[in-house]
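Number of protein chains: 4
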Amino acid sequence: MRDLTALRDAMRAFTDARDWARFHDPKSLILALVGEVGELAELFQWLPAEDARELAATEPLRTRVGEELADVLLYLVRLADVLDVDLGAAAAAKLLDAEDRFSSAEYQGRAPTKG
Amino acid sequence: MRDLTALRDAMRAFTDARDWARFHDPKSLILALVGEVGELAELFQWLPAEDARELAATEPLRTRVGEELADVLLYLVRLADVLDVDLGAAAAAKLLDAEDRFSSAEYQGRAPTKG
Amino acid sequence: MRDLTALRDAMRAFTDARDWARFHDPKSLILALVGEVGELAELFQWLPAEDARELAATEPLRTRVGEELADVLLYLVRLADVLDVDLGAAAAAKLLDAEDRFSSAEYQGRAPTKG
Amino acid sequence: MRDLTALRDAMRAFTDARDWARFHDPKSLILALVGEVGELAELFQWLPAEDARELAATEPLRTRVGEELADVLLYLVRLADVLDVDLGAAAAAKLLDAEDRFSSAEYQGRAPTKG
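Chains Y, S, R and G, in that order, are what the protein sequence lines are. Each residue of the first sequence is one higher than the one before, counting from 3 in this note's numbering. Each residue of the second sequence is one higher than the one before, counting from 3 in this note's numbering. Each residue of the third sequence is one higher than the one before, counting from 3 in this note's numbering. Each residue of the fourth sequence is one higher than the one before, counting from 3 in this note's numbering.
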């Protein structure tokens with residue numbers, strides 16, 4: 003299910019079948035998203051940075067990682083739906099904007115600094 | 003761009019054009035994801051819970067919310083790519099699993115408890 | 003143990019006794035902090051905003067909340083130690099700065115906006 | 003200000019002087035905490051893991067890191083106050099519990115696994 007609209011509709015049906023829309027105000031959904039990001043972080047926290055990718059490619063971690071990435075996506079899609087945001091369009095616009103702001107010449111091999 | 007595969011390819015091209023793959027180990031990308039989730043949280047933190055949805059539907063907040071949702075999605079898609087996880091398939095599998103675990107009869111109008 | 007220096011020393015001893023300092027680089031500790039904040043968020047995500055305080059005052063939630071708040075503090079204290087930051091001094095300085103930036107007259111009953 | 007009770011009282015006075023207690027329900031404060039953890043994460047996200055500690059010891063990053071650590075602590079202290087949790091006692095109890103669960107013999111140089 004690689005289409006964001008299909009995912010949105012599936013989450014909407016899942017929610018409605020359980021009468022869970024009552025719980026899905028934006029602040030609650032952001033907290034749920036934070037919970038899933040936290041579970042993802044816990045899977046990686048003590049792995050050596052340089053080996054993390056390879057370690058996460060082997061079971062049982064691989065399956066756990068897929069589950070947490072999925073949970074983050076599902077809550078994100080649901081949050082966008084509640085907020086009436088077209089997530090795919092927003093991502094495409096943001097990527098265009100990033101291409102403008104970070105020219106490949108100026109930022110070649112150099113991470114933008116924050117703070 | 004509602005197709006997750008297209009988004010993944012666009013992020014991959016964006017990254018490669020700037021030689022930024024060197025920064026994209028899993029732990030760094032999770033921290034970047036956390037940063038974007040934090041910016042999303044800041045937009046909502048002091049809004050009254052019951053009015054948050056409506057307040058986020060009006061400008062300039064509407065545009066800001068779309069941008070932060072997009073940023074979260076883009077880093078999530080990039081992280082899944084680095085980890086070689088098919089995000090759409092993982093989400094579909096997780097949703098099926100949730101449908102099993104939370105029967106609509108047993109969980110009607112009742113949120114699953116955590117902790 | 004209300005003294006931040008005592009907490010720092012206790013965490014340092016705990017860490018050293020297990021030879022865990024090798025895992026405690028800043029990025030790993032931030033991910034651990036994110037994991038604990040995520041667990042805290044999960045305890046509150048589906049509670050009605052207006053009842054959350056009261057609901058969290060009754061067991062078994064009260065104990066769980068105390069545990070997660072403690073976990074966040076312990077990792078924060080450990081992270082500050084690793085970064086050689088005097089957490090108490092930094093907090094006092096930040097509070098002074100906030101008192102300057104947000105005058106009680108101008109911000110009376112009005113939340114600072116973000117974004 | 004290394005005493006958690008003093009910090010709590012200072013945050014309480016700061017909040018009351020601005021009539022901001024109305025904004026400080028638990029879910030809002032957790033979102034504010036998430037926002038600050040996100041800003042902390044952004045400071046470290048693209049630093050090489052093995053150099054992060056040293057890079058964060060030099061200005062201007064050092065000051066920024068201290069500010070974000072302080073913000074996280076201040077919201078955490080405020081959240082604990084709103085929830086009537088004695089943060090220092092909770093941390094001491096959690097540390098005792100951890101000393102029990104993770105014996106220094108069994109966990110010598112070995113990180114506890116999550117997930």
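Think of the hints as simulated: they come from the structure by calculation, not from any bench. Careful: at least some of the hints might be erroneous.
One copy or two, it doesn't matter: identical chains are merged, so the pair holds either way.
[Said to hold, decoys possible] With a straight-line cut-off of 20 Å between C-alpha atoms, the simulated SDA-like cross-links for lysine to any residue are:
#	residue 1	residue 2
1	96	53
2	96	5
3	96	52
4	96	7
5	96	61
6	96	56
Hints and how they fare:
no.: 1; hint: 96 to 53; verdict: neither (31 Å within a copy, 26 Å between copies)
no.: 2; hint: 96 to 5; verdict: both (18 Å within a copy, 15 Å between copies)
no.: 3; hint: 96 to 52; verdict: neither (29 Å within a copy, 29 Å between copies)
no.: 4; hint: 96 to 7; verdict: both (18 Å within a copy, 17 Å between copies)
no.: 5; hint: 96 to 61; verdict: between (34 Å within a copy, 17 Å between copies)
no.: 6; hint: 96 to 56; verdict: neither (30 Å within a copy, 23 Å between copies)
Of the hints listed earlier, those the structure fails to meet are numbers 1, 3, 6, in rising order.
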